[in-house]
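**Q** Hey, can you work out the whole structure from these sequences and the hints?
Residue numbers (numbering that gives the first Met the number 0), protein chains in the order written: chain C, 0 to 117; chain D, 0 to 117; chain Z, 0 to 117; chain G, 0 to 117.
Just so you know, these hints were derived from the structure itself, not from any lab.
Just so it is clear, CB atoms sit at the ideal spot from N, CA and C, and this is done for glycine as well.
Errors might be hidden in some of the hints.
[Said to hold, decoys possible] Below, simulated DSS-like cross-link-like pairs (lysine-lysine); rule was C-alpha separation at most 30 angstroms, straight line: (1) G:K49 to C:K49; (2) D:K49 to Z:K49; (3) G:K49 to C:K106; (4) G:K106 to C:K49; (5) Z:K49 to D:K106; (6) G:K49 to Z:K92; (7) Z:K106 to D:K49.
[To be verified] Which residues of chain D face chain G? A partial, calculated answer using Cβ under 10 angstroms: (8) K25; (9) L38; (10) W44.
Protein chains: 4
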Amino acid sequence: MDPASLVDELRAFVAERDWSQFHDPKNLAMLLASEAGELLAEYRWVPNDKADGFSHEPEARQRIADEIGDVGIALMLLCDRTGIDLQTAMRDKLVRNRDRYPVEHSKGRATRPVGATG
Amino acid sequence: MDPASLVDELRAFVAERDWSQFHDPKNLAMLLASEAGELLAEYRWVPNDKADGFSHEPEARQRIADEIGDVGIALMLLCDRTGIDLQTAMRDKLVRNRDRYPVEHSKGRATRPVGATG
Amino acid sequence: MDPASLVDELRAFVAERDWSQFHDPKNLAMLLASEAGELLAEYRWVPNDKADGFSHEPEARQRIADEIGDVGIALMLLCDRTGIDLQTAMRDKLVRNRDRYPVEHSKGRATRPVGATG
Amino acid sequence: MDPASLVDELRAFVAERDWSQFHDPKNLAMLLASEAGELLAEYRWVPNDKADGFSHEPEARQRIADEIGDVGIALMLLCDRTGIDLQTAMRDKLVRNRDRYPVEHSKGRATRPVGATG
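**A** The following block contains the structure:
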């Protein structure tokens, strides 16, 4: 299924339930953050060096995929509501991140952005 | 730019900086949740009935698009690392949500899922 | 019960289960954020002007109190682990917020801090 | 400073700025989650086995204490607004957690609660 038809399906899902009244951007940002919190919960007791393996254990993987699906749906609903194009937003941010994190400054370092004031 | 080429660009961005060592799924879930928190911060003082208008004010819109870009990038990095296909995860979740939120039970109601115990 | 005895009870709860091995500050920050996400979920479909009333509906109030309890426990565990005194941290931040948000600049405005660069 | 006087100081801080209009429980839950996200960001690239040491590096410690202060303030504002007593909520939750995570079931295991349906 291509992304365009998924948007159409989401719109139909929302319209059938008359839920667009609840889906202003504020509420959708809350939905997105709470779903991201559920995804976070899956990994909270998993050590860093076990996190890749954990993501491939069948039961955990199903839950993680479910939470990723929820986050993706919330993000798509927010983009659709605000008219912000996700691909464009990601591409623009990637261009800016290349400036904020120059290779010579950032290589191999979990660094904060150049110019960050904290 | 199609999604596939964006993944390629993200992979190159990470590889040039030797950052894959930091990008295990646990850390990426943290990145995603912290970026979702920054998006949330944009809307925290905006009333529900102003949230659509706010999302179109030029300065706010730029910040919101930036945060959406960050969330999208974090989500794409996590999917790429775990090998979970985002479109499939969203589609599977939408199918399940149709069962969890039957139209007759959910129409016009900001309801909790059928069978939710939490 | 005073806060000191609650810390003691939490320490005993953790020690009996041999859970301090999981409770490094990174994991506790994840616990805190995921619990904050659950609290957020309670309010995501509630309009601003109904949020006070909603917080007093008996069933909702119980769930909200539960989530507040979870957030408080996570915060207390993190403070205990890092040796950061919560009261001092709050007081220091309040002092700084008085500078960041001068009354004449902030009165009646949901403003960003003075000097914020975004 | 005892907690009671800190609440008084927070109330004065809010009243001077006429900010109670923005501080309904929904918005305060968003504030809390976004501050928890900022705290999370401090630890996102820190490996589990470095997280205790990192929390004692002076610059990091100051930032972490600042974020803990923000989270504590948001939590205190929410409790004050809703009339939910934080100590009681934590104590009640601890009592329930003793049932949900029996020692014999939980010892040394980062377990999900007994009866969790996920």
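**Q** Look at each hint and say if it fits the structure.
**A** Outcome of the hint check:
no.: 1; hint: G:K49 to C:K49; verdict: holds (16 angstroms)
no.: 2; hint: D:K49 to Z:K49; verdict: holds (16 angstroms)
no.: 3; hint: G:K49 to C:K106; verdict: holds (20 angstroms)
no.: 4; hint: G:K106 to C:K49; verdict: holds (20 angstroms)
no.: 5; hint: Z:K49 to D:K106; verdict: holds (20 angstroms)
no.: 6; hint: G:K49 to Z:K92; verdict: holds (26 angstroms)
no.: 7; hint: Z:K106 to D:K49; verdict: holds (20 angstroms)
no.: 8; hint: K25; verdict: holds (8 angstroms)
no.: 9; hint: L38; verdict: holds (9 angstroms)
no.: 10; hint: W44; verdict: holds (5 angstroms)
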